[in-house]
Amino acid sequence: MSKQVNFTFNGKPISCEEGQSIAAAMIAVGNRELRTTRFGDEPRSIFCGIGVCYDCVVVVNGVANQRSCLIEAKDAMNVESTS
Amino acid sequence: MIIVIGAGPAGLAAAEAASRNGSEVALLDSASRLGGQYWRHRDSVKGYRSHRAGLLFDKVLQAPSVTHICEATVWSIERVSDLFRVNYLQGGIESSLTAEKLIIATGAYDRSLPFPGWDQPGSMTPGAAQALVKGQGVLPGKKVIVAGTGPFLLPVATGLAEAGAEIVGLFDANSPLRWSLSPRALLLNLSKVSELVYYAKLLRRYRIAPQFKRVVSSFDHGKVTISRINSDFTIKEAASQTFDVDVVAVGWGFLPDVTLGGIVGCLQRVDSDGTTVFSVDADQRSSQKNVLIAGEATGIGGADLSLLEGEIAGLSASGQPIPTSLRRARYRKQLFAHALKISYPIPTGWQSWPQGSTTICRCEEVKHSEISESVSELGAEDSRTAKLFTRAGMGLCQGRICSRNVSEIVAGLTHCVVSNEERISSSNRPIASPISLGQLGDGKK
Chain R
1 MSKQVNFTFN GKPISCEEGQ SIAAAMIAVG NRELRTTRFG DEPRSIFCGI
51 GVCYDCVVVV NGVANQRSCL IEAKDAMNVE STS
Chain H
1 MIIVIGAGPA GLAAAEAASR NGSEVALLDS ASRLGGQYWR HRDSVKGYRS
51 HRAGLLFDKV LQAPSVTHIC EATVWSIERV SDLFRVNYLQ GGIESSLTAE
101 KLIIATGAYD RSLPFPGWDQ PGSMTPGAAQ ALVKGQGVLP GKKVIVAGTG
151 PFLLPVATGL AEAGAEIVGL FDANSPLRWS LSPRALLLNL SKVSELVYYA
201 KLLRRYRIAP QFKRVVSSFD HGKVTISRIN SDFTIKEAAS QTFDVDVVAV
251 GWGFLPDVTL GGIVGCLQRV DSDGTTVFSV DADQRSSQKN VLIAGEATGI
301 GGADLSLLEG EIAGLSASGQ PIPTSLRRAR YRKQLFAHAL KISYPIPTGW
351 QSWPQGSTTI CRCEEVKHSE ISESVSELGA EDSRTAKLFT RAGMGLCQGR
401 ICSRNVSEIV AGLTHCVVSN EERISSSNRP IASPISLGQL GDGKK
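Quick mapping for you: the protein sequence lines, in order, are chains R and H.
What the first sequence shows, in our numbering, is residues 1 to 83, in sequence order.
What the second sequence shows, in our numbering, is residues 1 to 445, in sequence order.
Hints are computed from structural coordinates only; laboratory data are not their basis.
All C-beta atoms, glycine included, are put in the ideal place defined by N, C-alpha and C.
It cannot be assumed that every hint is accurate.
[Stated by the list, open to error] Chain R is faced by these chain H residues, among others (derived, beta-carbon under 10 angstroms):
| id | residue |
| --- | --- |
| 1 | 32 |
| 2 | 40 |
| 3 | 128 |
| 4 | 129 |
| 5 | 130 |
| 6 | 364 |
| 7 | 398 |
| 8 | 434 |
[Claimed, not checked] Output of the computed footprint for chain R on chain H, the stretches with three or more beta carbons under 8 angstroms from beta carbons of chain R:
| id | segment |
| --- | --- |
| 9 | 116–122 |
| 10 | 131–138 |
So that you can see chain R by itself, here it is in the shape it has in the complex (with noise of 0.2 angstroms):
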């Protein structure tokens, strides 16, 4: 069993295992939906799973526009939608 690491997305505490992106471990939790678009508020979730669409982005510790699906989960992460 490899290590847990515990962060909030949105404020929810999530448990993924180390090594797993942001990506993988919300949508290991069921939860697909990763943020909303800035015109329509449609939601969006992993779609290249690469790094190539950046539908999948983020704002991690406040830094804006970063790709859930490459950007491994860390301990006290704090990851928010951007919308």
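Fit chain H to the given chain R structure using the hints.
The following block gives chain H in isolation, referenced to the frame of chain R:
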């Protein structure tokens, strides 16, 4: 020193080959682990002949003259007299590295075509589904449909099934009978036939029955509509089947990322299937002195061809002789790559799948109706003008997902064909990834 950009099959093979005579190699990759998109792995790589990956990983990691720099996103390359300065972001910090020679092995990403609902959560590329399973150990969903076209759908569907997903359907838009058009390529690549047998056994084990000449024509909150199509990809029977699923993974082959080679000025050409790729000579040298290119960026051909091209590029860059056997093997795989294009074409009929309200540019949320209005009402005659009117392709992904589709939609609406100049210009970006002015200002040179 030689800088290899990309640590997938081509980049790994290049780094390993170049290190054989002790040449200093820096292997840069944006991921945290070796392997690239195809050989991404957690503990072990599974799949056909995947032991090759482990052997190559070990050789590269043990080679004393190879330095692996991970989590480094290259955003630009500059020429400084006879040297190349590669600028990259690592953990939000800008750094750079200088070398005499470059080997670009930046690979490819899934090509996507728009259909109603392709922007909803639950719709993703087969590459994303595979990345979640192989790279993250997470199932994208319990019930999955895999669709699109090409042989990559097989490892994705069987990999998902192996990880515990229910494959509700596997749909290829093309017929496997098209392989009969390429007998010579098959005869010279009998190993590919045994690879097919390997996947056929897995499909049987997981009770997956592939269906052909069918596409996912809409996805609406878990409801998937499958349509039968004609050979030109127009819809033949709008709703032949419907399913309830968690995920649709739809992919249409691959697009190479040509941005970095484009920044250095390497000559590009349009492949027979309309894809922008690099021109290289028999030693994998680009049109620019001391810049070599290997793998998917010279034409989509899969991991086998990428390994050979990478090895040749590594030997060539480090001044070692290139065995004739390698060149022959590459020729055979190139024939197979050509057969792939003949077997899995994407004719223009897909342009009839989106509705007016269907998103075409995901980043800037541009609908199909806005693009058609830019042509019919505003008089846009080419995609560049349509993009200026609508902002399609101007978002964070810099048009990597939609640019080719927008070009082809505008050409379809104006009854033109997309020119090679337009295909090449819409595939290139002035910088390779978004960088904030703050990061640029804080960087050390």
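Results of checking the hints against the structure:
At a threshold of 10 angstroms, the smallest CB-CB gap from residue 32 of chain H to chain R is about 7 angstroms, leaving the interface hint in force. For residue 40 of chain H, the interface hint holds, the least distance from its beta-carbon to any beta-carbon of chain R being 8 angstroms, beneath 10 angstroms. Given hint, residue 128 of chain H at the interface with chain R, holds; its Cβ is 3 angstroms from that chain's nearest Cβ, closer than 10 angstroms. Taking 10 angstroms as the C-beta cut-off, the interface hint given for residue 129 of chain H holds, the closest approach to chain R being about 7 angstroms.
The interface hint given for residue 130 of chain H holds, since its Cβ lies 8 angstroms from the closest Cβ of chain R, which is under the 10 angstroms cut-off. Restraint check, residue 364 of chain H versus chain R: the minimum CB separation of about 8 angstroms is within 10 angstroms; hint holds. About 9 angstroms separates the beta-carbon of residue 398 of chain H from the nearest beta-carbon of chain R, less than 10 angstroms, and the hint is met. Below 10 angstroms, beta-carbon pairs count as interface contacts, and residue 434 of chain H has one with chain R at about 7 angstroms; its hint therefore holds.
Interface restraint, the segment 116–122 of chain H with chain R: holds (4 residues with C-beta to C-beta distance below 8 angstroms; minimum three). Counting residues of the segment 131–138 of chain H whose CB falls under 8 angstroms from any CB of chain R gives 6; the rule of at least 3 is met.
The structure fails none of the hints (numbered hints given earlier).
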